[in-house]
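Participant: What follows is each chain in one-letter form.
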Amino acid sequence: MTLAVLVLLPFVGAALPLLAERLHASRTVLALSAALMPALALVLLIAPAGQVFDGQTVHASLPWVPSLGLALSFRLDGLALLFALLVLGIGLLVILYARYYLSAKEKAGRFFAFLLLFMGAMLGVVTSDNLLLLVLFWELTSLSSFLLIGFWSHQSAARKGARMALAVTGMGGLALLAGVLLIGQIVGSYSLGDALASGDLIRASELYPLILGLVLLGVFTKSAQFPFHFWLPHAMAAPTPVSAYLHSATMVKAGVFLLARFYPMLAGTNLWFDVVTLAGMATLLWGAAVALFQHDLKGLLAYSTISHLGLITLLFGLNSELAAVAAVFHIINHATFKASLFMAAGIIDHETGTRDMRRINGLWKYMPYTAVLAMVASAAMAGVPLLNGFLSKEMFFAETLESSRLGAMSWVLPLGATLGGVFSVAYSARFIHDVFFNGEPVNLPKFPPHEPPRYMKVPVEILVALCVAVGVLPSITVSGLLAVAAAATLGGELPDYHLSIWHGFNLPLIMSVVALVGGVLVYSARNWLFRQYARLPEINASLIFERRIQGLAGGAAALSNFLRNGSLQSYAAWLLTLVALVLLVYLSPAVLDGQRALLPLDGVSLLAGVMLVVAALITAILHRHRMTAIMSMSVVGLVVSLAFVRLSAPDLALTQLSVEIVTLLLLMLAMYFLPVRTRMESAWPRILRDLLLSVIIGGGVGVMAFAMMTSDFQSISGYFLDNAKPGGGGTNVVNVILVDFRGFDTFGEITVLGIAAMGIYALLRDLDLLSAPSDSLGRPWAREVHPMVLVTISRPLLPLALLISVYIFLRGHNLPGGGFIAGLITSVALLLQYVASGVAWVHRRMPGDYHPVVAVGLLLAGVTGLASWFFGHPFLTSTFDYLHWPLVGKFEVASALLFDTGVFLTVVGATLLMLANLGKLSLLDDKAKEGA
Amino acid sequence: MRKLLPFPLLSLFLWLTWLLLNGFSWGHGLLGLVLAVVLPLGTRPFWPNVPHLRNFPKLVRFVLVVHWDILTANLAVARLILGAPRKLRPAFVELPLELEDDFAITLLASTISLTPGTVSADVSEDRRTLLIHALDMDDEAELVAQIKQRYERPLKEIFEC
Amino acid sequence: MDTLVEFLVSAAILVGGVFALVGSFGLARLPDFYLRLHGPTKASTLGVGGTIFASLLFFSWQEQSLRLQELLIVLFLFITAPVSAHMLAKAAMHRQLRRREDTRGRPWKQ
Amino acid sequence: MEAMVAVMIAVLVGTGVYLVLRARTFPVILGITLLSYGVNLFVFISGRLALDQPPIVGAGPSTDPLPQALVLTAIVIGFAMTAFLVVLALRGQGETGTDHVDGKRDDGGEA
Amino acid sequence: MLEIALPIGFGLIVVALVLNLYRLLRGPTLPDRALALDTMYINAIALIVLYGIANNSKLYFEAGMLIALIGFVSTVAVAKYMTRGDIIE
Amino acid sequence: MEHLIIAPILIPAFAGMLLLLEVRERQPLRRFTGMLSVLALLPVAWTLFQQAAGGEIQVYRLGDWAAPFGIVLVLDKLSALMVLLCTVLAVPALLYACRADDKRGANFHALFQLQLMGINGAFLTGDLFNLFVFFEVLLIASYGLALHGRGPARVRAGIHYVVLNLIGSALFLVALGLVYGTTGTLNMADFAVKVNQLDGGALELARVAGLLMWVVFGLKAALFPLYFWLPATYANATAGVAALFAIMTKVGVYAVARVYGLAFEQGALAGLGRDALWIMALLTLLLASIGVLGARRLGEMVAYMVVMSVGTLMAGLAWSSPESFGAMLYYLIHTTLVSGGLFLLADLVARGRGKLGDQLVAGPAPTGRAGLGLLFFVGAVAVIGLPPLSGFMGKVALLQTVPAPLYWLFLLGGGLLALVGLSRAGSTLFWRATGDGARRRLDRPRLLATVLLLAAAPALAIWAEPVLEATVAVAAQWAQPQLYIDAVLGGGA
Ligand code: NA
Ligand code: NA
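Taken in sequence, the protein lines are chains A, B, C, D, E and F.
According to UniProt numbering, the first sequence holds residues 1 to 932 in order.
According to UniProt numbering, the second sequence holds residues 1 to 161 in order.
According to UniProt numbering, the third sequence holds residues 1 to 110 in order.
According to UniProt numbering, the fourth sequence holds residues 1 to 111 in order.
According to UniProt numbering, the fifth sequence holds residues 1 to 89 in order.
According to UniProt numbering, the sixth sequence holds residues 1 to 493 in order.
I should point out that these hints are in silico values taken from the structure, not numbers from a laboratory.
Careful: at least some of the hints might be erroneous.
Stated by the list, open to error - Covered stretches of chain A, as calculated for chain E (at least 3 residues, CB under 8 Å):
id : stretch
1  : 146-160
2  : 605-618
3  : 756-768
4  : 799-812
Nothing here was measured: the structure is a model prediction, and the numbers come from that model.
The beta-carbon is built from N, C-alpha and C at its ideal position, and this holds for glycine as well.
All chains should be built: construct the whole structure from the sequences, respecting the hints.
Facilitator: Below, the structure is given as structure tokens:
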């Protein structure tokens, strides 16, 4: 369990510096607060580390999401221990270093928090014993490094570098996730142990190439392998402590860590060899060559890092156990010398104010102590004997000589390795010579440079001391750790190897010598080389990437906007095309197999049908002559109402008729503000397309209608006919369905009406609309506002219409009618008052806000429904009884009537809320005109 | 009583309408009565000036006359329409009004419109003149006189005295 | 008696139909708007009136009791139809619709 | 009769579809209305056609009452929606100064 | 007798409706179209009443009454629109 | 307590009606009423969820009429989950809106409540026509809410939204006509039974009915090629509304799941339209992630993420194994809450940047840059599907249960595009600031609402197991339509 706590510590620790910053703690306290948890973790690591050195693997596991196979499982074996030490150890050094590196202005608390987040993520990656958990931490390293690289977010380079790193490593992470999921599918578990034990199974699977590809995509992006290396140099926009940490020892090492981790699972095949070796070799050479030409100190280090990562990758690719050992060894060595170099570079940057090696010269004079440290580290990087880099490089040279996979071409590997060594020496030489010697500084922003603060050098000193110690006394210092780490990597027994400075005169030694001499020669030819390099077209990966991304985003925007072109016509066409496709594909003549006898067609119906067809077509054709279109559409409405009469639906006929009238009022109200006529806008192709859609959809629906009407079916309607009277207390079955059997639909329906009215009210409020000052013929409007005849007739019509409403309402339960129709009649009668006498006149006589009417209507319907609860029945259960009164006789009292009253009120309130407010628009309009 | 039944004629009218709709029964008689009282009361604000019926028998007579005229005029106009339209002698005629009450004027205008052959096209803003369009007018004075005699005068007697 | 009633009903139906048709025929045929305006009066008076009379007779006969419900349709129509005509006439005058040249008198400006 | 009703439905739906594909709010409103007519009739005929069989208990054979109730609901909802659309069109006219469904002004600009 | 009169009556009224539609489509002016629509509504009453007789059913009476009572409101609205533009002011 | 099932519909319904009564526009009273209603819904929804978790499917017969004749509400695990999710989303959304957005137009609170009524009704009803009615309730309320506030962009988007949905409603009616015309019933369970007894032409018509329903639900859910209305509508809606709308697309997803699971999972029309849904969902996923990358406003970007999530969900649904459905539901919960939170966040950012709003161009830093930046980071990580937040869990769950390479490619590739897009957006908004924006403090309640929703991301990750167990249980019940059918029709039928 210590292990889980250990991984958790940095995450917890991330809060401390933030807290400290809140409390305005000094920078030292900030750094200490940041260092606390890692230090604690390091201490906690001692005990399990002992077990690891005893050859055990320490496990800890907490369940998290068992159904996904995700558990908080951790393992500490040699490999994990090695990396944990690097992560924590170098992490602590970086914290110390950053204490001095960050200026007082900077939000150090946030910086340390990000750093600790990263540390925790990295620790998680290396100790995960669960593949999904590993991916989880893996992506966390990408995310936290994004924050770290972009820490100086005011700099464009930092932002771009951060985004690029995130995009590239994020992509790799997604690929890795896919790979891991596939591994999980094959293995049947996401436990790392199970997976490592299932190497043969995985390699035998036909998914193996895919898995390998996906995992390697993750590895290569993270470890900046060719061709995914380009993000790393731009990540140098990060503060130097970040580079020292992420780009030497940790983040980029995550990739090669994974190669080591998955080595028993995935390595050993020719595919592995070909892909990994090739990528490693390419990266090694490319990075080494380009590094020489960097004028930016950190740029040089970045490319050198790429190159060294290539070296490690290449080693893992060789499918040789010894090579793997060498790889692990080089991971350690590279971490130490590269971290110290980055720190040294940071010190130089800090003291001179620039990282441009063309300006930084002869610093030996100003900061000799730093120079010594940097020179030792550089020498280690170059592979100079007695330093750690030499040892692993020697092993590397030896291993390239061992491989025979390439057959006759096997010489390519050592040749490439040597060439890489040459350039490695050359850029290391440049780092030493160009910075500390090579004449006098040129125009430094800060002059003269000094040695940095004492404690800022401590981390460098420690690391350089390690370089030397390992280089001189490998068997004492590093062999134990290397052994357990390598053993864990190989998943078992170690091969026979020897860590010593002197292996005798052999081919690797010659290669080393060639590299050293060649490197010095290359460096001495630098001026010529730089000139040649300068002639090459400059490739700024950041710029290219940024342009690509911008192009991608632009393309994405273009594609999105092409589809989502802001045109309703095109959206509707998509929708209707989909419908047309459904109809075209699935409507076969088979649907017309009905056997139902047809009804006779009489002449009256035929003529009415023809009228409807003509009127509908005219509406469509003449839609630009808007009033004509409205008139002909009213004919359609009338014929539809008549059709309902003919087809045994008196309720529908009444409803349709009254709705027609209100709709026409509505349209007339709107026409005041809309153009009366418009010019033709659609081009013929568009019209033809729309006609095609109309014909297909109209035809399709017609065919389906015919198919339905001509086939028999079984329905539930018999129940309604049987139960309307005994169960619902009414003989008008449609009404009983509406207020009883399906009263809930009606409840929803009047709610819709009420909401529509509210929405309309909201839409109309503060709407500024200009109405036409004259009619469509250009004449001024008529003078007379309220024609006397209309006014006079409208008044007695009101009580009369109310009487009819009551009549229609009361009979609704048994005969055609009901609350809805009654409500519309009442509304029309009231609206007639508005039309005849005007808004002001009406509102002097009754309250003009219809919100409460809608509310009371809805509430009445709702409360009627609720009342049934008190009788132990579900919502909307109706009840009815027959009363006998003297004189009056027997009559029915039904709760449905109360519900229907709610419907009535809602309809009245809603229609008036809609239309009366629409009418009021012109009042505002008039005021606006007067004001103007 | 006045307060309860501000418009007795309207109430009667509503009550009869109710009974026509529902058929006669004690229940509906009662319910109709309630409605006939309540609805005019409820809509009272919408009635700023109330025409008073003075002479009920004359009203009945007037209604019968109008119906008879509708019947006969229909026949006459049908002949005109089915005949040669070129023979029609259309005209706009201004009818000076003696009626003063809006309701009575409206009734006159409606009557004129209902009888085929004439349509009331407009009432002047000062309520002094009624514009009539005639389908086929022989003589303007005769038409005006006929309208005045058959419709306007009875209306004046029915409502205004 | 039955035959007589049936005859009356049939006659009323025909009268109603004929006048409805004549009115609409006039609407379709007459040369200017003001003349056409006269057409619907027939539809709304004798046209509907005839059918209503038929219905009234028919159902009273069917049920062997006086049934005057249908009268309401005529009544309402008599109240409302002149208003339509009046308003349309005003609209026509406002739009200064062309009238037959031999029309005597002139419409009013609106 | 069935064929004629089917043709009516087809024409209503077809013209409705054509009109909703126009560029101005007004024809779209007309289109939605026509479409509603057609669709309501379609739902209506799902209970099959019957002549003079109104669904009143005690008045002889009865047609299927359920689709009628559904259509009644659909008519009301359709009315509410149409009204909203009409007012929305006005709001569009007020805010964008045009009745184009995409708010495109006649001069090519956008409000 | 009735079985002869009714079809004739239906025929007459439907022809009337067709003539109305003709006027509505033909125009030429907006008042003409409005007038035609108004007439159609009135003829529809006759049609509905006849249908009631033909089917010996009183269930359709209300439809006719509805048109007679409030059908004219649409015509009034259109006419008001033509004269004033604004139908509720 | 048998009536509790209908409470999620009635509470907001009555609240909405009471709000309508309040004509004097006393905003505090309105806010109080609205908040009271959503807060009352919370325990109700939770209790219902617990009840449903017991495994028994509860049926509420409205008007005391037996199915299939009357309308029934059905509380199974799926509907209970959806109601709970809606409620959980509604509380912060309303809280946010209560900070002055609700004053930008009339009737906001009533519309909001009735919107909830519609959504909950759609989740609970067991009747197809009643589903149509509740669709209309939620749509008309959403029209009102989408147009709440003013401005031409909002109206333009509103017109598109409204017209397309009106066409959709017409299509739904055609489908319902076919449903009734072939099976003679409207009850979902009864339909499921009867559709399998069809043959010949009726079966063909029922097939078309099903496909038309897919089109309609696809429009609600915003599937390709029916999603074009969504980005503008959502991006232009006021923040609280946009946040609530995060569940609207899920109503479409739910409807497909419900009808498909009952009627088309097996039997004569088994797998109806599955391939088409699959292809459309994948295209949606792809195009929406492209949309995320190309978005010019943060709100638009989040809206595209909503569309992406629909593609993700529908594709998962097209596989429709109980396992994939369980994973899909987890993802649904995650995406609803997180995108809701991101809509709120987009508004917070826009408010803090003054005129620029949420446009993705360099400008003054939003007020409370660090805090908002952190929230954005959390939301973005979650919504992209990066670890360790809920999106990662959801994606892993989906990837594990949907073994289709194409899906993996689109899901992961879409995630990458979203990653690029969101990192650009975040970098522009929070890093590339040219000076500070308004110096006002962040509004605490607004911030709280945003945090509440975005807290779902870590919470759903930490408690991924119990949530997944719950969703898998929901899926297991869903995969046995006979349970539903028996509960509704009383076993024997
Ligand atoms: Na130099
Ligand atoms: Na006349």
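Participant: For every hint, state whether the structure bears it out.
Facilitator: Outcome of the hint check:
no., hint, result
1, 146-160, "violated (count 0)"
2, 605-618, "holds (count 6)"
3, 756-768, "violated (count 0)"
4, 799-812, "holds (count 4)"
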